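Chains as they are written, first to last, in my numbering: chain U, 1 to 226; chain S, 1 to 245; chain L, 1 to 312.
Simulated from the structure, these hints should not be mistaken for lab results. Treat the hints with caution; some may be incorrect.
What the hints assert, rightly or not - Distance windows between CB atoms, simulated: (1) L/Leu-142 with U/Ser-134: 54 to 60 Å; (2) U/Ala-207 with S/Ala-207: 44 to 50 Å; (3) L/Val-5 with S/Ala-207: 29 to 35 Å; (4) S/Gly-103 with L/Gly-64: 55 to 61 Å.
Claimed, not checked - So the derived list for chain L, only partly shown, Cβ under 10 Å to chain U, looks like this: (5) Gln-206; (6) Leu-209; (7) Pro-210; (8) Ala-211; (9) Phe-212; (10) Arg-214; (11) Gly-216; (12) Ile-218; (13) Thr-221; (14) His-226; (15) Pro-229; (16) His-230; (17) Asp-304; (18) Pro-305; (19) Arg-306.
Small disclaimer: the values here were computed from a predicted structure and weren't measured. Even for Gly, the Cβ is constructed at its ideal location relative to N, Cα and C.
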Amino acid sequence: MTLSVSNLCVERAGCTLLHPTSLTIQPRERIGLVGESGSGKSTLGHALVDALRGQNVRVAHVPQSPDEALDPLRSMSYHWREAERALQCTPDRQRQQQLFRALQIHQGNLRKRPWGWSRGMQQRFVIAMALIGSPQLLVLDEPTSALDPVVAARTMNLLDSVLEQNQTSMFLITHDMGLAAKRVTRLLVMDAGRIAEDAPCSSLLQAPVTPAAKALTRHRTWPAPC
Amino acid sequence: MASAVLRIEDVSVKRGRLFTLEHISLSLTAGRTLAVVGESGAGKSTLIAAVLGLVRPASGTISWNNAPVHHCRPALVMQEPRAGFNPALSIRQTVMEPVVASGKPISADILEQLCGQLELPVDLLNRRPGEISIGQAQRASIIRALIAAPPLILFDEPLSALDAVTQKQTAQLIAELQKAYGFAALIVTHDLGYAAAYGDEIAVLRAGRIEEVTSPREFVSAPGTNYGCQLRDAAIELGALEQTV
Amino acid sequence: MINIVLGLLLRTAVVLTGTAVATFTLLWLAPGDPALAVAMARYDSIVSTEIIDLVRAEAGFDAGFWPAFRAWVFPLLSGDFGRSAVTGRPVLPDLLSAIAYTVPLALAGLAIGLLISLPLAIIATRNPGGLLDRFAVAIASLGTAIPAYWLGLLLILLFAVKLAWLPAMGTRTPLHILLPALTLGLGVAASLTRIIRSGILEARTQSFLPAFKRRGVIDSTIGKDHIAPHAAIPVITVLGLELAFLLEGAVMVEVIFSRPGLGSFLVNAVEARDFPQVQAVVIVAALLFVTINLLIDLIYRVIDPRIGESNA
Chain U
1 MTLSVSNLCV
11 ERAGCTLLHP
21 TSLTIQPRER
31 IGLVGESGSG
41 KSTLGHALVD
51 ALRGQNVRVA
61 HVPQSPDEAL
71 DPLRSMSYHW
81 REAERALQCT
91 PDRQRQQQLF
101 RALQIHQGNL
111 RKRPWGWSRG
121 MQQRFVIAMA
131 LIGSPQLLVL
141 DEPTSALDPV
151 VAARTMNLLD
161 SVLEQNQTSM
171 FLITHDMGLA
181 AKRVTRLLVM
191 DAGRIAEDAP
201 CSSLLQAPVT
211 PAAKALTRHR
221 TWPAPC
Chain S
1 MASAVLRIED
11 VSVKRGRLFT
21 LEHISLSLTA
31 GRTLAVVGES
41 GAGKSTLIAA
51 VLGLVRPASG
61 TISWNNAPVH
71 HCRPALVMQE
81 PRAGFNPALS
91 IRQTVMEPVV
101 ASGKPISADI
111 LEQLCGQLEL
121 PVDLLNRRPG
131 EISIGQAQRA
141 SIIRALIAAP
151 PLILFDEPLS
161 ALDAVTQKQT
171 AQLIAELQKA
181 YGFAALIVTH
191 DLGYAAAYGD
201 EIAVLRAGRI
211 EEVTSPREFV
221 SAPGTNYGCQ
231 LRDAAIELGA
241 LEQTV
Chain L
1 MINIVLGLLL
11 RTAVVLTGTA
21 VATFTLLWLA
31 PGDPALAVAM
41 ARYDSIVSTE
51 IIDLVRAEAG
61 FDAGFWPAFR
71 AWVFPLLSGD
81 FGRSAVTGRP
91 VLPDLLSAIA
101 YTVPLALAGL
111 AIGLLISLPL
121 AIIATRNPGG
131 LLDRFAVAIA
141 SLGTAIPAYW
151 LGLLLILLFA
161 VKLAWLPAMG
171 TRTPLHILLP
181 ALTLGLGVAA
191 SLTRIIRSGI
201 LEARTQSFLP
211 AFKRRGVIDS
221 TIGKDHIAPH
231 AAIPVITVLG
241 LELAFLLEGA
251 VMVEVIFSRP
261 GLGSFLVNAV
271 EARDFPQVQA
281 VVIVAALLFV
291 TINLLIDLIY
301 RVIDPRIGES
311 NA
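Okay, chain U solo, but in the shape it has when bound:
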């Protein structure tokens, strides 16, 4: 089912963080939202999720860092149960084990509190929680920035296969064009609270139009060693 939001707008203290923005997301689409820090990417991510929830669409949001998703005073199993209850899902052990295996956290001790798990496992747990209700869209905000490269790469690969299995669309928010280019088929470039450019991945990388897109594309990887 195609998802669509229109006129998302966020103002705070007289400042416009997000200018009126409309967006359409196809089923099973992988979209990357790329932009400099301060361009309004996270704001758009939050607005998108809130708007879709208002339309009663099943959507989930994975914040940048597990610190922003988990309560340090509560155990992991508590978080899972609470998430199930919030989505009005019947507790499904099989689904839980399936998701845990897919994200390789089935060895984790659920009675522990978040800080008893490594950051990588915490992040994958948050992703697993997000997938409980089989959402149509998963919005990830800088999923790799809080992780080491080896863990980050593994997490992204596992995420790919899980999304594939569950037929979920992905909305990946990142400041790193290189990361987005590897994972998505459609790129949105964000600049000063607006979506400056919206194009299929390959065409944008080959021929960026706006200055923001050009800067991001030019700096997407490191120069090769000489």
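Use these hints to put chains S and L onto chain U, whose structure you have.
Same frame as chain U, but now just chains S and L:
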């Protein structure tokens, strides 16, 4: 004329009963860059602390130019720029701290010159850390590191807090400054793309030990160890390194 | 876990030892002749020097500091608090009956304090900065400034004299505890309201709360399971401190309402230079304080095991 060299010889650091660093031996010549890569917990920050003299090695020595390393007053650029700035002081006051500490006066226009080289507007110096962007704060940290002209500068994940575009620009600035001032740079980072692009040598640190030391070219095409391969492949997966055939 | 408990017990032992030495030393060094004070308290009249000397020898005041200290501490370690220098009766039973009056009053005061402050703080934080919030903070600040004796007398004037709803003095009926408990409770409520309020406001700024909301968790669950536990941590500290203070005898309140208890027990003992009784009270008070702190420390670790870890 022999260049000064940083020698880390068979250094081990203990924390309680555990070794956070074991038998580390590295060398770095003036004007060159050594990139130390590894995951969190590998001991990268401990290594920096040891070179700075903040932790005492249980064994081994660290010397610069055959003298104990702290004699050369190495400078540090940290991961979180604002963590190194006293929020109550202006940028200028914090940046001038190494000069005040060393007691050696510097000429007035060195600060202006550095601001120009780092593309930092001079009037920013009068602001507080909370009033400038993270990119600007990191460039101010670099100015502070350079102001007393130390022969050795340590960088602890200098780009991690910056966004992708700013990272590339800042990395380029650091390289240009190194050419101009000739300092030795020890850069600790988990970003292999950065290490390969700007390092003269890459040292892979894992669980407190050096796994391998190679040139960036070799590392990108054929790392010597399995772990090195893991790191390299991960960097390619994340789009940090171009895939080489 | 064992290490933590042992560490806390060791701290307890150190505090108690320090208290014992300090109390004894201070009493010993206090101006005036202790033998004279004891004699006057005992015989309730001016006495001759022979009798004073007799009292001095009997009470052990002539033996010197360290012998006297030893003579007191060693029996203490086996639970023997000695005998009152004035009445000659064993100290412990009188002390325990004094405590039996103070404990219910302290608990009642704490309960009333919580009953007032908890709803007040919750209502105040519904609209931070609003009229009700500012009113609550103002009342709380006023409460900390008002001395207990003034408040107590005022309450007696209103409820016992003018309205004749509640009894004023003594401990004859259970109703007698209400006015003194209310006096204490209002004072406690003042500091508790501010702590609970700031605890709630700070707990609301936790960075993960928006994520829970986005996950669909309803507001009441968020408040109950994620804001309240975090807010409880500073509140528990203050609760413990208040309880300790109340237990050690809100002296003025007990005196105003003519209630026997730990507070008046102590005042009488100090006036009479009754060393064994004074020291008994101080040691028991220190023990209570340390026990409450121990309990609070353990409760913290249950709520948030990271507290107290060196690498939290």
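* **Evaluation of the interface hint that places L/Phe-212 against chain U, nearest CB under 10 Å** => holds (8 Å)
* To do: Identify whether the interface hint at L/Pro-305 stands, where standing means a beta carbon of chain U within less than 10 Å of its own.
  => holds (7 Å)
* Asked: Taking the closest Cβ pair, is L/Ile-218 under 10 Å from chain U?
  -> holds (7 Å)
* With a cut-off of 10 Å on the beta carbons, see whether L/His-226 makes it to chain U. => The hint holds - L/His-226 has a Cβ within 10 Å of chain U, the shortest such distance being about 5 Å.
* Does L/Thr-221 pass the interface hint, meaning its C-beta sits closer than 10 Å to a C-beta of chain U? -> Holds - the Cβ of L/Thr-221 comes within 10 Å of chain U, reaching about 7 Å at its closest.
* Regarding the hint that L/Arg-214 lies at the interface with chain U, is the smallest CB-CB distance below 10 Å? -> This interface hint holds because 5 Å falls under the 10 Å limit.
* Using 10 Å as the Cβ threshold, decide whether L/His-230 counts as touching chain U. => holds (6 Å)
* Do the Cβ positions of L/Val-5 and S/Ala-207 conform to the proposed distance bound of 29 to 35 Å? -> Since the Cβ atoms of L/Val-5 and S/Ala-207 sit about 34 Å apart, the hinted range of 29 to 35 Å holds.
* **Status of the hint placing L/Gly-216 at chain U (closest C-beta pair under 10 Å)** => holds (4 Å)
* To do: Identify whether the interface hint at L/Leu-209 stands, where standing means a beta carbon of chain U within less than 10 Å of its own.
  => holds (9 Å)
* To do: With a cut-off of 10 Å on the beta carbons, see whether L/Pro-229 makes it to chain U.
  => With a closest approach of 5 Å, the L/Pro-229 hint holds.
* Between U/Ala-207 and S/Ala-207, does the beta-carbon spacing fit 44 to 50 Å? -> Distance hint for U/Ala-207, S/Ala-207 holds at roughly 46 Å.
Hint compliance for this structure: every hint is met.
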